[in-house]
Amino acid sequence: MENEQIEKTTAIRLNQLTVAYEAQPVLWNVSVNIPKGRLTAIVGPNGAGKSTLIKSLINLIKPVAGEVDFIFEQTKDENYGNNKNLVAYVPQNGSVDWDFPTTVLDVVVMGRYGHIGWFKRPKKKDKALANEMLLKVGMADFKDKQISQLSGGQRQRVFLARALVQEAEIYLMDEPFQGVDAQTEKIIIQLLKELKTEGKTIVVVHHDLQTVPEYFDEVILINRELIGSGPVETTFTKELIAKTYRQNQTKPWEEE
Amino acid sequence: MNPVFEIQLIAVLVSVACALPGVFLVIRGMAMMTDAITHTILLGIVVAFFITQDLNSPLLIVGAAFVGILTVWLTELIHQTKLLDKDASIGIIFPLLFSIAIILITRYAGDVHLDTDSVLLGELAFAPFDRFIVFGMDIGTQAMYSMSIILVLLLLFIGFFYKELKLTSFDPLLAASLGFSPILLHYALMSLVSVTAVGAFEAVGSILVVAFMVGPPVSAYLLTNRLSYMLGISAGLGAFNSLVGFQLSMYFDVSIAGMIAVITGLTFMLIFIFSPKKGFIYEVHRKKQQQKSLKKALENRSN
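Here the protein sequences line up with chains A and B, keeping their order.
For the first sequence, the numbering used here begins at 4 and goes up steadily by one.
For the second sequence, the numbering used here begins at 5 and goes up steadily by one.
Worth flagging that the hints you see were computed from the coordinates, not collected in a lab.
Treat the hints with care, since some could be wrong.
Partial selection, computed: residues in chain B whose CB lies under 8 Å from chain A [said to hold, decoys possible]: (1) GLN57; (2) PHE133; (3) SER152; (4) LEU155; (5) GLU168; (6) TYR225.
A quick note: this is a predicted structure, and the numbers were derived from the prediction, not measured.
Note that CB positions come from ideal geometry on N, CA and C, so glycine has one too.
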């Protein structure tokens, strides 16, 4: 019991996070602790604010209210802005132009840019690491290919390799299993579990309810507001899932 | 230096200077923005001229760059409301700012050398008349020097920020999460596009600036899968189009800028049709092969 207490220290602390693009909030008053060294799924229906939640953690979207603190191992500074290299973010792979004139290896090396810093060029070491990670995701043969020639699953594996070269403490992934083949899904989840054994924290926006118990340790159920969070065994229950996917959500921000 | 050589040198300098930022505009899906910027900067030039009353004042470039950025900013402001598409926002802002400039010129500056024809089509043939004189010595044309300075600026900017430009063009979300501000680089690039456009359009007119900024980069895009090669090929193609266009314009005794723009279009068409990996013929051939192999596979299955 005590061991588990220590193991389950927090990696990311959200306090009353509220995000709005227009008049209506996309996320309302979300307070939750994301545990360190665990695989956490963020689950909810379309438009529930899953991607928004991840983006607002790393300031890609400015919250209207609330705070986010990161608890890192390498530093006591809890501010994300000062420790961007310790957080690897994997956007949805549909968010980029895959006809862009660049190669697979080049895209993976981009994950090193944060470490390399302004002005400086990638070194041999960065390319070697990129090659190593491409091997890990089973894409070593594709390193000189133009990225437009990749399938959906291969694109996602390249994105994963790009996150791996960041050598971060916390990985935030937006729908990494969307539109990928079974083989890719297997490779990705295996690598995520490997990261976990290295003590990394992984947070994944996930939409396939069936695989949640098999893939994840923890789950955060959201539908604009937090419905529930905790270990999959206790939180991923029929009642809470039904509540998350209920059609007529109440609008808590309109209640007085 | 004789004027024929000078004109060609200016044309090559302008085309290379335009091709480099043009590559980034094309891969960012902003080709139409060049059209807008190359026209709206006129407003900046006109307003700066009214303030300084001097056509050679460097403030003209500052004013132009300012309006160039204003153009980008305004179109994005409208686009961000999600009430209008990006091209529709450009379609509103570009004519608005440009026509204000035209009205100001026709109303208040009718007697100055700021006529609308030369703005649109420029006149390369007259470029050698603007001399750069230092201590009473004629050391060449003004356009040659201004474009050389702009070209060096561009090379430094792209050289220093190549990695950052590539990242923010390809994946702005990742760039932001790694601490490379996409907005900062975006506006830096747009400022340079505006400055380049000002320098270029005085010599060659805004139509040719658009041809220079879009033509060679889209042609190069069809020839290579690497951004660095795309930059080199664009610059080379720009220079090639300028030289061939100039020679033909001499031969046929027609507008130099017009002929260069025509050659730019023609080389694009040729590359579009014959490019080995992304060309029209290759695509048709590839689709036919694919159909054949699929048919064969189906036949094998039914046998």
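Quick rundown of the hints versus the structure:
1. GLN57: At 41 Å from the nearest chain A Cβ, GLN57 of chain B fails the 8 Å test, so the hint is violated.
2. PHE133: violated, 40 Å
3. SER152: violated, 24 Å
4. LEU155: Violated: closest Cβ of chain A sits about 20 Å from LEU155 of chain B, beyond 8 Å.
5. GLU168: holds, 7 Å
6. TYR225: holds, 6 Å
Checked against the numbered hints above, the structure breaks hints 1, 2, 3, 4 and satisfies the rest.
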